[in-house]
Every structure is written in C-alpha cells, then in structure tokens.
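In order, the protein sequence lines correspond to chains A and B.
Going by this note's numbering, the first residue of the first sequence is number 1, and it counts up by one from there.
Going by this note's numbering, the first residue of the second sequence is number 1, and it counts up by one from there.
Wrong hints could be hidden among the right ones.
Straight-line Cα separation of at most 30 Å, DSBU-like style, residue types lysine-lysine; simulated pairs [stated by the list, open to error]:
id, chain 1, residue 1, chain 2, residue 2
1, A, 11, B, 447
2, A, 11, B, 497
3, B, 366, A, 111
Some chain A residues flagged as far from chain B (calculated, every beta-carbon gap over 10 Å) [what the hints assert, rightly or not]:
id, residue
4, 15
5, 25
6, 130
7, 140
8, 164
9, 197
Computed beta-carbon distance windows for the label pairs [stated by the list, open to error]:
id, chain 1, residue 1, chain 2, residue 2, range
10, B, 367, A, 26, 40 to 46 Å
11, A, 185, B, 210, 37 to 43 Å
12, B, 15, A, 180, 43 to 49 Å
Just so you know, these hints were derived from the structure itself, not from any lab.
Idealized CB from N, CA, C, for every residue including glycine.
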Amino acid sequence: MDPKQVSAQEKREHADPHEQAMSIPIPILILVALMVIFGIFYILAGDSSTPPEYGDQRTMKDLMAKAASTSDSVDGAAIYTARCVACHQATGAGLPGVFPPLAGSDWVAGKPEVIAKIVLHGVQGTLTVNGTAFNGAMPPFKEQMNDVEIAAVATYVRKSWGNAAPPVGAAVVAAARTETASRTEPWKGDAELAAMK
Amino acid sequence: MATIILLSAFIISIVALVFFIVAMIRGWFDPDSKGAEVIFAANEIGNPEDPAASPEARKALERTSPEGDDHAPDPRELESRAAADRSTDTITFVFLSCAIVWLLAASFAGLTASIKMHEPDWLGAYEWLTFGRIRTLHLNALAYGFLPMAGLGLAIWMLPRLLKTTLVGGQFALLGAILWNAGLIAGLGAIAAGFSDGMEWLEMPWQVDILLVVGGAIVAVTLVLTLRRRNVDHLYVSVWYMGAALFWFPILFLVGNIPGVHFGVQQAAMNWWYGHNALGLFFTPLALATIYYFLPKVMGTPVKSYALSLLGFWTLAFFYGQVGAHHLIGSPVPGWLITLSIVQSMMMVIPVFAFSVNQYYTMQGKLRMLLHSPTLRFLAFAGLMYAASSVQGSFEALRAINTVTHFTHYTVGHAHLGLYGFVAMALFGGMYFVMPRVMQREWPYPKLILVHFWLSVAGIGIYFIALTFGGWFQGMAMLDATRPFMESVTLTLPYLKGRSIGGALMTLAHVVFAAHFVAMVLRLGPARDAPALFYVPKGDRA
C-alpha cells in the first residue's frame, strides 16, 4: 500500500492529544501537604529501632486482638486452643493410645506445681495416666509462655471438662520455673514424675 | 536514631522532589520554555467524535458536546499520521496477536485454578494441572504474556504518532517479540513440568529469563532509535510513561532474576521489591500511557493540565519503588523498611489523584460520549478502577488493615481489581481503537464489543466483591484465637465459588473478544464502512 495513502480510519480521527497549561488545582496541593504531614507523623509514630527479629513488634497478644495488660485478662481457653488442642483435643479427652486425656486426669487435678512443671518442660517417655500407659512426647513451653500464661492455661485445664481443681497462681509457676531453672530436657515420664505426685 | 535518619531522609527527598517538579513545570531546565505550552493545529480542538465516527454517527456525538465545530484536520498531519501507522502496523499486529493467544491461555489457567479452590480433586490426576502449577501458569501467562504483549504493541503503535515520525528499527522489535515469546513458552513449559524458582512473580527458571531480558532490551532499542528521530520538541505525557516503563522493566527483571545473589530475608525483600515494581513501574505506566493517549484522543479534548501530568508522573516514579516491603508487614525485616514502605504506599494517593483529576477535567461535560464509543467506555472504566484499586492498596498497607487482610483472599481481589479492572481494561480499549487502523477495516460485529465490555465488567465485579468480603471474613476468623483455623478456610467456600463465576464470565468475555479479533483479521463477517459504535440515536441512523 502507498505509504502516503490515508485510510478512512485515520482520516476521521482527531489530532493527537496535547496538554494545556492549567496549573495544579489547590485541593491537590492541599492533599500533597496533608500526605507529607501524614508521612512525617507515621515515621515518628512507628518504632523503627526495634530489632527486626521481633517481626514488626506484633506479639501473640496483639494477634489475639484482646487487650491483655493484666494477668486477670489472659485467656487460658485461648492459649489452650492455640497450643494444646492439637494433641489433647477440644474435649480434653486426648486420643486413646496416643495422647493422654486431661479430663479426669490424676496429673491435672494433683498438686499445682506438678502441672506447672510438666507444662514448663514437657514429657518424654512412658507416662501412666489413669492406669493407661502412654508413650509419647510433649514439648516444653518454658520459652513460649510466661508465668502468667502458663498459670492461666493450667487453671483453665483444671476447671474444664468436669475437672474441678483449684486455680494455679502465677507465683506457683514462677517458683517451679526457678526451682527447675537448670533443667534442659523434658521429664522422663513416670521415672521422674511419679515421685512428685 | 533510625527514626531520625529515616525522617530526615524522607523530608529531604520530598523537598528535592517538590523542587524538581516545580522546576519542570516552570521550565527552568528547558532551553526554550515554550516546551510547556500547547502545540495545536488549527481547527482540531473541541471536535467531539468517536475515533471511528462516520458523518451520520458524528452528528449524534456533536450534540453531546458544547463546542461542536466543523472538523477539518490539517492534511500534513494526516499524512504524517498515515506514514506513522504504515510503519507500525505489521509489528503491532504481531504483538497484539500474541497478546490474544496469551490472554486465552491465562484465562483458562486462572479459571481452572479458581475452580480447584473449591473442587480440589478436579483434574488432580494430571501433575501440570495441579493447583501449584496451574495458578503459577495463570500468573506468568498474564504477567509476561498478555499484558506486556498488548502494552508494548500499543506503545509501539502510539510512539511514532506522538513523535511525528516513522518507526525506526522495527525489525528489532520483531526480533525482541520472537525472543520474548520463545522465552515465555520455555518458561511456562518449565513451570508446568515442575521447575520453579519458588518466588512469586519470579517463578520462571533464570536460564529462561535471559531470553526475556534480551528480548525486552531489543524492543527497547526500537524505542531509543525512534526517539532519536523525533520531529517534535515536546514529549507528550504518554511518551514519558512508555519510555520509563521500557527503561525500568529490564532493570527490575534482571536484578530480580540474577541467581545466587539474594538469600533468606533479603531474598524476600527483593522478591516484593520486584513484585510490586513490576506492577507499578511496568504495567501501570503502560496502561496510563494508553489512557493518556486514547481518552483525550477519542474525546477530542486536550489534556487540561501539563502540571498535573508532571506531578503524577514524577511522584509515581519516586514513590512506587519503595512500596514493595508492605507485603512483608509482620515479617522479620528491619522496622524502618516497613515503615517507609507504608508511608510511601500512602503517598501513592498523590499520583492517583493527579491522574484522576486530570482525566476528570478532560471528560468534564462530555460524559454522554461514553454511551457511544467502545474505546472510551473501556478506558473510562479502567481510569476509575485505577483510582479505586490504588486508594484501596494504599490503605491496605496500613498495619491496622493489613493485620486483617494479609494472607487472605482480600489481597487477591485487590490484585485483580488493579491488573484486570485497570490495566487489562485500558489495554482492551486501546486495542479496539488500534486494530481498525492496523487492519484498515472496521470491527465486523459491534455488538460483540458490547458483550465483551459487560461480561468483563460483570465478571470483575462479582470476582472483586466475592473475594473482598470472603477475604475480610477469613482474616477476622484467623485473628480470633477461639475459632479453629479450619473455620477460616471453610467459611470462604461460598465466596470462592462466587470467584469462579466471575472468572468464568471474564473468560467468556475473552473468548468473545478473541473470536471477534480472528473474524476481523481473517476479514470474515460484514465489511462495514461505519465505525463500531455502541449506540446511534434513532434520527441519525443512515
């Protein structure tokens, strides 16, 4: 085709667009100013010096979306759901032959420092619960939870699914933590725990 | 200490940016400050017209405009326009045809992946059709197939027109397209066979990426050669966006894909620096260039404010490069990086408003034209979705909202609003304008354009609404420690089915579009001599 020939489609168009010289509208300038002020405020409000390994400063408590400033407001049920339910189940009945029950367990209802020590360090090896031997492993939680949280979850376990043992105080957990501070491995099942019962 | 350094860096850079933009607006750097002024041929302003209007149909359009003068274009301008078009039609045709093929492939892959979200066993017997691969195929066929092919095809077509010259080095663009498509086919094959780099947007193996880098760079050679032969003093805003996109993309893609450089947390930071910049510094500028050219072109109205164009372009260029880390909120990366990315994400409302206000002034008083022009309707919808998805994205970056939406379907809905509602729709609009000029033939079935438009709008609408609500509820469920995790999964099922319905409508729209495209190329159907208009008022029918 002849390069000079103009097709019908090209003939009927407008000229290629140009720009006119209207200045920037005032509301846009105000928007720019407001955004810069916001940026300054946000940088000042955000704590940029926190070590990155904290992962942007959010903790378990933030994610649970509940203000948990005092020990009373730590929710044992929430902690149970987050950390225990996978093995011991929502009913507290465990899995027969695999994970021991908490409902009606003599270990749970016993001395408060025993349940505290088990949660702190976990268990490895054969453990007899209500006459049935379980050969499993429970991880330690001393790094993951503080005394208040362990007390809250232990209290929750001791009053749920028909259990009716008195609450566990944070002080009991703190004492158990201090007493067993040198321990680095889980309790060796009945071999170590039976004596404490 | 980190806060003070960050704050002073922020303020200093903002001051420098403001100074720079003011200098550009005032023309302090120009040897001839008339560069900022309008260059207009006589008789060409203010004529409302569909780009494709016949005399009868134009009457209808002129009545929608306050200033309907007689239309008498400068013959020299027409000649240079025809010369520009003849120099690009083969190459644009190749790019746009590839785009259509990849559009279909990506649509079916996406629909398959979507159905698998609620029917996980469907087609599970074929390895390459499993979710992990087909979803990745969808993303790559779209991100490296349809979008760049359509975007670059339109850019190559617009460029000689805007520079009042002919395309120089068209054979380079053709070679680049061949290499690019060869690379993409190899890359998609590798993904289907189970080879992946394991980073989102960067899945294709690096050996294959070399083909795309070289192909992209060769296409850019055409751009540089053509720019050097320009016959205009003033570069129109679309040229800035196209030039910048072609300059930015090879750098981003190269850095993102060099093997053995980034590890661990740094790799994640680089991954999202790349991922978000591919959106913001490649797809967005190409789509904005398309809207900035075709919207005023169809309307017959000049873009109102050169200053706003400048503000929009330079703030996009400055802020966008730093927003990627908002994908890493809550991750073990330095706090200042996250804070900066959130601030710059919010600052993105500036270019968005600058663009939207500029387009608003252009369209002011002529909104009735949307009834008539296919191109215009796609472009106006795209412009609206640009504003919507960008503002949504800015707020999504704030920690308070990100806490809920991160790792949910909400983000997926947002991504599709941006890439489909904005970028793809803008490119469709451009293709509807360009193809009649490339083929020198009208669209044979104007009704099909209407079908395409409404299927696409309904599809993305259902898709976005379903995932936005489903994703939000999913996020709330995940934050509630008293609810088991599985609840956050099962509650999304009805919304995921809604997503598949939306996806099916969009896929159908693309099948219609592709069929129409093929009919036009093969010269099937009625040979119409009138432009493809949606609606011609009764009294004006020929």
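> Any hints this thing doesn't respect? Which numbers, in order?
Replying inline: 2, 3, 4, 5, 10, 11, 12
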